[in-house]
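A.B. asks: Read off the chains here:
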Amino acid sequence: MENRLKETDRYWNVLSLAPLCLLLFFLTIIPLLSLIYTSFFKVTWDGGYLYEGIGFQNFFDLVENKFYIPGVKNTILFALITVIIQVVIAYAIAIVLNKIKYRVIYLSIFMLPILLPPIVIGSIWRLMYGFDFGLFNYLLSYLGVMPIDWLGDPKMAFISIVILDIWHWTPFSVILLITAIEGIPKDILEAGLVDGTNFLKEAYYLITPLIMPTIIVASLFRFIMSFKVFDEIYLLTQGGPGTATEVVSFSIYETYFESDNIGLGSAMSVTTLILIILIMYAVQKIYIKLRLNAHD
Amino acid sequence: MTRFLSHSLLVILSFIFLLPFGWIASLAFKRQIDILMTNIISPISYGNFIKLFASKESTFSNDILNSLFVGLSSTLIVLIVCSLASFTLTRLKIEKWLGMIIFGWVLVFHMIPPITFIGSWFVLANSLGLFNSYSALIIAHATINLPLGLFIITNYMKEIPNEIQEAAVIDGASNYQTYFKIFLPLLIPGLFTAGIIIFLFSWNDFMISINLSAKATQTVPVSVATYAQQYEVRYGEMAAGSLVSLVPGLLLTIFANRYIVRGITAGSVK
Amino acid sequence: MKRLVSLLVVCLLASTATAAKLNMLINQSPWFDGFRKTLVMYEEETGETIELDVTPYPGMSEKIRNSIRSPEAIYDIVITSTEFMATYANSGEFVNFNDIDPDFKLDSGICGYQDTSYWNYETRSFDAKNGEFIGIPVNGNVQVLYYRRDLYEEKGLQPPKTWDDLIKNAAEFHNPPRMYGMIQRSERGAVTYNFGPYMFSHGGAVYKDPQNGDFSIVFNSENNRKALEKYLEIRDKVGHPNAHSIGQGEMIQYLRTGKAAHAIAVIAAWGGMDDEEKSAVIGKMGAALIPSGPNGSASSLGHWEAHIPKNVKPEHQKAALKFLKWLVTKENQIKYTENGAVPVRCDLIYSPIAKEDRFRFIEALGQNSEVAKFIAPTVTAVESTAITNLYLNKIVAGEISIVDGLNQAAEELHKITVDNGMKTGMLPKLK
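Protein chains in written order, with the working numbering: chain A, 1 to 296; chain B, 1 to 270; chain C, 1 to 431.
In isolation and in its complexed conformation, chain A is listed as follows (with noise of 0.2 Å):
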């Protein structure tokens, strides 16, 4: 009898893993692998692909090149201020929501952004940021306001995409920390009201611990995509003006796409892949030493 059940536990085993690690092997090790053997070439076309090893070549071309490296920058600081802007007015809506009867509601005007898709979205948000015509200023003109230059200053247009960002895609984490409180069991929050806890510290001391695991989720998967950002962007400021909006995904774009220079293209993506750990690694460094400092 226990002699089967294991052997039907393996079998489960490989047959419930089986689905996700074929998926797994066939679409996508083999692309990043090709990706990183790519990126030691040079890749031209003449009736089939040649492959011409050149090192690290590529590694430093990438360095020299005049959008990686500024789009880097950009990508990076684009990341962290819409994701903490982000994480943190979905914590305040959440947690409003929690205690109003008909959130339904109001959760799904809020899901309404990420309904849209991005296309849509970076170009008529291109019109709304209209200097002469735009909504944003002929609403500011009513308030007295002089016109802004949303997508001409430098400056400006960095905010402007963080902005979009922030509307575009706080939704995914209210959603996702939604669903975290709602799942908190009913008789911790009710303990918890028992000893008289007001509202923001029952948020603080009780709901925020439980939830702390998903806000991370929220955050980590936030972060990724902001890396990839593409769309929006590339319709509101085509990286413009100068690279004052210019963000990586669209250096690999150009490089791996429009100038068909696969080998360029795989090391810029490499890279970014390297960095992109590095970050998390450094994030999570810096979280778990703030961790232990608050509880000395």
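Keep in mind that the hints were calculated from the coordinates and are not lab data.
Just so we're clear, the structure is a prediction, and the values are computed from it rather than from any experiment.
Among the hints, a few may not be true.
[As the list claims (entries may be wrong)] In silico DSS-like pairs for lysine-lysine, Cα to Cα no more than 27 Å straight-line:
#1 C:37 / A:42
#2 A:66 / C:226
#3 A:289 / B:158
#4 A:289 / B:96
#5 A:285 / B:215
#6 C:429 / C:105
#7 A:155 / C:208
#8 B:158 / A:201
#9 A:66 / C:355
#10 C:226 / C:429
#11 C:335 / C:37
#12 C:37 / B:215
#13 B:215 / C:325
#14 B:215 / A:99
#15 C:21 / B:215
Place chains B and C on chain A using the hints.
C.D. replies: Frame of chain A, contents of chains B and C only:
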């Protein structure tokens, strides 16, 4: 007092979220020239919707069905694949390194900009004769969303109390029974959360869809993108297209939200 | 649930359908409707069918590449824009039309477009004399000067002959923010193209003699500096202070809403000008030859060429060529124009439709096509245009001086030519 503050905060935030959205929606009922002039009040025009559905070469209704089909199928695949794997990896005695490799790998995969492996996916699809087929699109969409699915589901999987699983083991339930009879029902809010997010990612995907599809399997974002042309952005039709395509997504979200929020009202995990 | 699963299975099984008719890849654009209507005429006339895959512009390049590099073609006809024309020409994947039909020649009524129908693999340049015949123009998009003919009539003005005339005329109407004398499109993605006419009319260029395979960089020339100074002078005197964030969409917005007295824009944007739904300046817009500088007038090319890939079946190649030949005949180009597409024949100036008011752009189109030049006719067009765009945009935005911007850009451009093994060289630094 708290209640009043919460409500005012929510109303203000809703307004901020709704303003750009409302503007986009209103463009659908405007003529191009009114949009270009930012005429907030303008004669209501249905021309955009007529062009969207009635014009001879419009494939819009077909595109919506494509999107729905691809979105639902790929979401379903992700949910099945990920909840199975997540259960085994986090709840059963299994070699630790296996879980670490899989989670680590999935996270790394998620970091790579999808544009860099679409090329190899295209070659694969085309050599199998699957270019412009639903299967290629569905599998591609599912794969790209595996990381999100796996992490979100695992996050909820971990929250299910140990006692429940122990009780099942004592009752002599097999893994099969524990997964289907005990864990799946408890996971429902988590599955719906993951489901909505994955569905929306698939629904809005442009990069993969444009490279793996042609006319017959074209999805909504690709078709809407044709209005953002090189020489002219047809804002009205674009807005109308996204407004119509929003309906299925919105209905699904509302439907799913009810399951997500039901958590407390129904008492769920005790 | 069961139904969904079975639906899934059925669809997975019955996934692909292959068609025997011709497939053509084309992008959605304002001239597309005209193209489609003309294609329907062709299908009715000949009984042939051509299926169109209409894709958004950002998907074009990748779809072309995917198709021409497959063992078997997905598309029997592909079209390329000037942006990636040379890159794909050089890929060696397009048939020489004379291999299908040895006697076929483009007749002299079709605009020349700086030889872009012929590719010389040796010099890697467009070259009618020694190149292979691989392209047929299908959309004659070039830049023209848009001006408000109603306002011109009011003031009794004539279309400007020189850049200084343009400044003088535009000053008459320049009254921001109600109206701008001239709108320039200097956003990062487009500034090189918009600057092209200024550059060429001052005797400047990016490459020394690309048609003969000399890709020496002459971007940091005295002429280019003068051209840029003129560009900025116009911006400062009669233009928009935010030119560096104005793109195609905004420029057309200013024109159609009646807030721009002039602009240099592509003829493909003409379509909506007389359309009630889209424009507030119906019947008020005029088109003219772009003003001249010391070296005469010039425009920049933005046309499209059609190609037949080598991996297309021979019988499909024949059918595809038959359609393309049909499309460029004078008779059909008139229909093409009437349907709303941009013609590729310069001899339409002399045809009766040029006299019609609704086709009042044809004369300007013909004149500008004759003087239009290709800014980056090289296999590295995408890379080098990204560089010129970046530096020109920075110059216009005031982030870098003209001299520094041109020098730095020239250095980058030179590096690209060296890396790609092109015949190249450099001018001494501009001071």
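A.B. asks: If you draw a straight line from the CA of residue 285 (chain A) to the CA of residue 215 (chain B), is it 27 Å or shorter?
C.D. replies: violated, 49 Å
A.B. asks: Verify the proposed pairing of residue 289 (chain A) with residue 96 (chain B), using a straight-line Cα cut of 27 Å.
C.D. replies: This hinted pair holds, its Cα atoms lying about 25 Å apart.
A.B. asks: Taken at face value, is the distance from the CA of residue 105 (chain C) to the CA of residue 429 (chain C) at most 27 Å?
C.D. replies: This hinted pair is violated, its Cα atoms lying about 44 Å apart.
A.B. asks: Would the pair residue 21 (chain C) and residue 215 (chain B) pass a check requiring their Cα atoms to be no farther apart than 27 Å?
C.D. replies: Since the Cα atoms of residue 21 (chain C) and residue 215 (chain B) sit roughly 14 Å apart, the hinted pair holds (cutoff 27 Å).
A.B. asks: Does residue 158 (chain B) sit within 27 Å of residue 289 (chain A), going by the straight-line distance between their CA atoms?
C.D. replies: Since the Cα atoms of residue 289 (chain A) and residue 158 (chain B) sit roughly 24 Å apart, the hinted pair holds (cutoff 27 Å).
A.B. asks: Between residue 215 (chain B) and residue 99 (chain A), does the CA-CA distance stay at or below 27 Å?
C.D. replies: Roughly 48 Å between the alpha carbons, so the hint for residue 215 (chain B) and residue 99 (chain A) is violated.
A.B. asks: Take the C-alpha atoms of residue 155 (chain A) and residue 208 (chain C), compute the straight-line distance between them, and say whether it is at most 27 Å.
C.D. replies: violated, 37 Å
A.B. asks: Taking 27 Å as the top limit, are the C-alpha atoms of residue 66 (chain A) and residue 355 (chain C) close enough?
C.D. replies: Not satisfied, since the Cα-Cα distance of roughly 49 Å exceeds 27 Å.
A.B. asks: Under the criterion that the straight-line Cα-Cα distance not exceed 27 Å, is the pair residue 215 (chain B), residue 325 (chain C) satisfied?
C.D. replies: holds, 26 Å
A.B. asks: Against the 27 Å threshold, does the CA-CA distance of residue 37 (chain C) and residue 42 (chain A) hold or violate the hint?
C.D. replies: Answer violated: residue 37 (chain C) to residue 42 (chain A) is near 44 Å, above 27 Å.
A.B. asks: Please verify whether residue 158 (chain B) and residue 201 (chain A) have alpha carbons no more than 27 Å apart.
C.D. replies: holds, 26 Å
A.B. asks: Are residue 66 (chain A) and residue 226 (chain C) close enough, with their CA atoms no more than 27 Å apart?
C.D. replies: Holds: residue 66 (chain A) and residue 226 (chain C) sit about 26 Å apart, inside 27 Å.
Taken one by one, the earlier hints fail for this structure at numbers 1, 5, 6, 7, 9 and 14, listed in ascending order.
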